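Protein chains in written order, with the working numbering: chain U, 1 to 272; chain G, 1 to 247.
Calculated directly from the structure, the hints in this document are not laboratory data.
Bear in mind that the values here come from a model prediction, so they are computed numbers and not experimental data.
Here a beta-carbon is modelled for each residue, glycine too, at the ideal position from N, C-alpha and C.
Every clue listed holds true.
Over the 10 Å line for every Cβ pair with chain U, so calculated as not near, a few chain G residues: (1) Glu4; (2) Asn45; (3) Asp83; (4) Pro127; (5) Glu135; (6) Met170; (7) Asp174; (8) Ala194; (9) Glu208; (10) Glu234; (11) Ala240.
Label-pair restraints from in silico Cβ distances: (12) U:Arg146 - G:Asp20: 29 to 37 Å; (13) U:Glu207 - G:Gly80: 27 to 35 Å; (14) U:Pro238 - G:Val111: 30 to 38 Å; (15) G:Pro190 - U:Asp44: 53 to 61 Å; (16) U:Asp139 - G:Asp178: 23 to 31 Å; (17) U:Val131 - G:His225: 41 to 49 Å.
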Amino acid sequence: MTEIVALEALAARVASGQTLAVPVDRSGVAMAATAAIISAGIDDLHLVCVPISGMQADLLIGAGAVKTLETSAISLGEAGGAPRFGAAVRAGTVTLRDATCPAIHAGLIAAQHGVPFMPIAGIIGSDLLEVRPDWKVIDSPVGEPRKVVVVPAIKPDVALFHAPEADRAGNVRIGRFRELATMAYAARRTLVTVERIVDHDLFETEESAAGVLPSIYVDAIAVAESGAWPLALWDEYPADEAEIARYTAMARSEDGFRAYLSTFLSHRKQVA
Amino acid sequence: MASEHERREILIATIADLLDGIRHVAVGASSPIPAAGAMLLRARNERDGKPPVRISILGSQRHNFFTNGGVELFDCAAQGRVDAFFLGGGQIDGAGNINLVGTGDYPKTDVRWPGSFGSAYLYHLIPRVILFREEHSPRVFVPKVDFVSARAVTPEVSRRGGPYALLTNMALFDFDRDAGGFALRSVHAPFTPADIRENTGFDYAEPEVVRETPRPDAATLELLHGKILDELAETYPAFARTMKQAA
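Bound conformation, chain U alone (with noise of 0.2 Å):
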């Protein structure tokens, strides 16, 4: 049954030390909950980004909730690099798991099929393959003589988003952002933010079931207006491009940093 919770009751389901799988920025970004996160304390994080991430492990790397970062890339798009991700690299303070974007996929859909890994083409002649040793080249088992990658089930404790709808049953609209179920399938726990609960059935007809995550993936849900910002949901919102270009520059310093941390979580706590 899923729970339908506060903001801070559903952050504090996240717990130190746990692999947290967050999806890229347009798909749907729980930052309110990221605030509410950050604040409770947690640390120790494996990151997984499904398939990269931008502000949202920025912020994370940044208070030092990251232990572990497993992404494909980290970008903040228009507004340039992620500073707090390049100060880490630099200082060494996070553990970098390198992947491929197709690979998180992969791995996330090896979980979802509950097998212990998941081929997938490419790759070969890469150096990730060096970086990432849990990634193997084997000699495809069947059919015509060829090698294959294979990469381990990716299987988050956590998955976290934000969506723009849930119903009372706890049935959350997802639309065509597929990656988002099969984060849910492969996670032991799915959190959900929205921006409101309707009162109607989302499985009331075909058309209105089509693009909804069943509730039987998802165990709590709390209502976070605004919750993706300064990032972009779907329809609901543009990105707010003059708040993360500000993050961008103030981030560039741990004084910086630190000084937008807090008025970031000061105004999410104010919103909520």
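The hints should help you fit chain G onto chain U, whose structure is shown.
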């Protein structure tokens, strides 16, 4: 000296020419020039009654016809349904290998770039990968990349994908997959082959006579200044505005 917008027009028109004959091209996020090149090809084909061109722009809502989430582009490429794509690189070497990770020794790289994105996979699967990097300097075009995000040639596995050409602010190179290296095809005015040699850190083949990269003709410029900039404005408003003002 060609102005900034003339230089961009040459790049866009060159990309449209490089894409000639494809059915589906994917464009990464934050790539206005490749997107404009793809849109120019699409408009030209439409005008000339040639087969239609599909364009997928990653991160765009409007130019995204996929419905199966982030994995669908990668699956689509694996099925052979993506003919062309663009990759860049903080470093690109003479063997066509690209580095999107950083300089120095991994993991504590001196300079850290965002990461490999889908390159390690897509380089194997998309037949016509156009390497596009505006900065043409010895720090970008190095003899050997510090980290291979994606390797251009892998004799140990058969593949359909790999580099097709390299386009920069100064020149256009072809990639020869059998030789495993680049050959200078043309230089953009006012640069000379000597300028290219001086600013390229890797070795490459050079024909006896190097042509000048053709400037777009009047009909192409008309399409570009009208229809293409309007289409482009949906995804890259600031870029389209600057181009329009300059034209």
